[in-house]
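Novice: If you read the sequence shown in our numbering, its first letter stands for residue 49, the second for the next number, and so on.
Incorrect hints may appear among the rest.
[As the list claims (entries may be wrong)] Cross-link-like lysine-lysine pairs, in silico, DSBU-like; alpha carbons within 35 Å at most:
1. 106 - 71
2. 106 - 154
3. 75 - 154
4. 154 - 142
5. 166 - 142
6. 79 - 106
7. 71 - 142
8. 157 - 79
9. 154 - 71
10. 79 - 161
11. 166 - 176
12. 71 - 95
13. 71 - 176
14. 71 - 161
15. 151 - 95
16. 180 - 75
17. 142 - 75
18. 180 - 166
19. 182 - 75
20. 106 - 161
21. 106 - 151
22. 106 - 75
23. 166 - 106
24. 142 - 95
25. 71 - 157
26. 95 - 161
27. 161 - 142
28. 95 - 106
29. 166 - 79
30. 151 - 75
31. 106 - 157
32. 142 - 157
33. 75 - 95
34. 182 - 166
The set of hints was computed from the structure by calculation and includes no laboratory data.
Please read these numbers as outputs of a predicted model, since none were measured by experiment.
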Amino acid sequence: MHPTLTAVSSSHYNTHGRIVAVKIRLKRLGKIRAPYYRIVVADSRTKRDGRVIEEIGKYHPTEEPSFIEVDSERAQYWLGVGAQPTPQVLAILKLTGDWGTFKGEKGAKSTVKTAEPKAAYVADESKKTVLKPKTEKPAEKAESADEAAADEA
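Please put together the full structure from these sequences, using the hints given.
Specialist: In structure tokens form, the structure reads like this:
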């Protein structure tokens, strides 16, 4: 092998000893028109939703604000060994501050907005309930069953 290639991790080689391009990209999950993504490390030749090496984060674009979660330690590792982020993942890494940390920028911080916790729902006591209590129905059924048994006897 070439002497300059020894610094690259052995997991980046295929069976023929050639370097395999590793990408950090998005893996689509969810329903039609309701996507959410996993940020994954995969061989560049695999399918979009195919086999992955490692999952390092989540991205839910339909939530307000968008939910972004990245394992910074693993992202730094993969960027350090030469994995190339796609443009979409690069934008996410810039938001989380991981790209700035990788490039050695001082004071690289996350600019991701977090959603405020939802307030607990409290029912209005002054309004009438729509549902009947469940204790009435089984008692009625039991009584009708007892009456039917008494009629047969």
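Novice: Now tell me, hint by hint, if it's right for this structure.
Specialist: A quick look at each hint next to the structure:
This hinted pair checks out: residue 106 and residue 71 have alpha carbons roughly 16 Å apart, not beyond 35 Å. Distance restraint check for residue 106 and residue 154: the Cα-Cα separation of roughly 26 Å lies within the 35 Å cut-off, and the hinted pair is therefore satisfied. For the hint pairing residue 75 with residue 154, the CA-to-CA distance comes to about 31 Å; that is within 35 Å, so the pair holds. For the proposed pair residue 154 and residue 142, the alpha carbon gap of about 14 Å is at most 35 Å, so the pair holds.
A distance of roughly 28 Å separates the Cα atoms of residue 166 and residue 142; the hinted pair therefore holds under the 35 Å criterion. At roughly 16 Å between alpha-carbon atoms, residue 79 and residue 106 fall within 35 Å of each other, so this suggested pair holds. The suggested pairing of residue 71 with residue 142 holds, with an alpha-carbon distance near 16 Å, which does not exceed 35 Å. Proposed proximity of residue 157 and residue 79 is supported: the alpha carbons are some 33 Å apart, at most 35 Å.
Restraint check for residue 154 and residue 71: satisfied, since their Cα atoms lie roughly 26 Å apart, inside the 35 Å limit. Taking the CA atoms of residue 79 and residue 161, the gap is about 25 Å. The hint holds against a cut of 35 Å. Proximity of residue 166 to residue 176 is assessed by CA-CA distance (about 25 Å); at most 35 Å being required, the pair is judged to hold. Among the hinted pairs, residue 71 with residue 95 is consistent with the structure: their alpha-carbon atoms are about 12 Å apart, no more than 35 Å.
A distance of roughly 58 Å separates the Cα atoms of residue 71 and residue 176; the hinted pair therefore is violated under the 35 Å criterion. For the hint pairing residue 71 with residue 161, the CA-to-CA distance comes to about 26 Å; that is within 35 Å, so the pair holds. For the hint linking residue 151 to residue 95, the alpha-carbon distance of about 29 Å falls within 35 Å, and the restraint holds. A distance of roughly 46 Å separates the Cα atoms of residue 180 and residue 75; the hinted pair therefore is violated under the 35 Å criterion.
At roughly 19 Å between alpha-carbon atoms, residue 142 and residue 75 fall within 35 Å of each other, so this suggested pair holds. This hinted pair checks out: residue 180 and residue 166 have alpha carbons roughly 29 Å apart, not beyond 35 Å. Restraint check for residue 182 and residue 75: the C-alpha separation of about 45 Å exceeds 35 Å, so the hint is violated. Pair hint residue 106 plus residue 161 holds up; C-alpha atoms about 15 Å apart against a cutoff of 35 Å.
Straight-line distance between C-alpha atoms of residue 106 and residue 151 comes to about 22 Å, which keeps the hinted pair within the 35 Å bound. Distance check on the hinted pair: residue 106 and residue 75 sit about 9 Å apart at the alpha-carbon level, within 35 Å; holds. At most 35 Å may separate the alpha-carbon atoms for a hinted pair to count; residue 166 and residue 106 meet this at roughly 21 Å. About 25 Å separates the Cα atoms of residue 142 and residue 95, which keeps this hinted pair within 35 Å; it holds.
A C-alpha spacing of about 23 Å is found between residue 71 and residue 157, which places the hinted pair at or below 35 Å, so the restraint holds. This hinted pair checks out: residue 95 and residue 161 have alpha carbons roughly 31 Å apart, not beyond 35 Å. The suggested pairing of residue 161 with residue 142 holds, with an alpha-carbon distance near 13 Å, which does not exceed 35 Å. Only pairs whose Cα atoms come within 35 Å are accepted, and residue 95 paired with residue 106 is accepted, the gap being roughly 19 Å.
For the given pair, residue 166 sits about 25 Å from residue 79 by alpha-carbon distance, which is consistent with the 35 Å threshold. Restraint check for residue 151 and residue 75: the C-alpha separation of about 25 Å stays at or below 35 Å, so the hint holds. Restraint check for residue 106 and residue 157: the C-alpha separation of about 18 Å stays at or below 35 Å, so the hint holds. For the suggested pair residue 142 and residue 157, the alpha carbons sit about 9 Å apart, so the restraint of at most 35 Å is met.
Among the hinted pairs, residue 75 with residue 95 is consistent with the structure: their alpha-carbon atoms are about 9 Å apart, no more than 35 Å. Using a Cα cut-off of 35 Å, the hinted pair residue 182 and residue 166 holds, with the two alpha carbons roughly 30 Å apart.
In the structure shown, a violation is registered for the earlier hints numbered 13, 16, 19, in ascending order.
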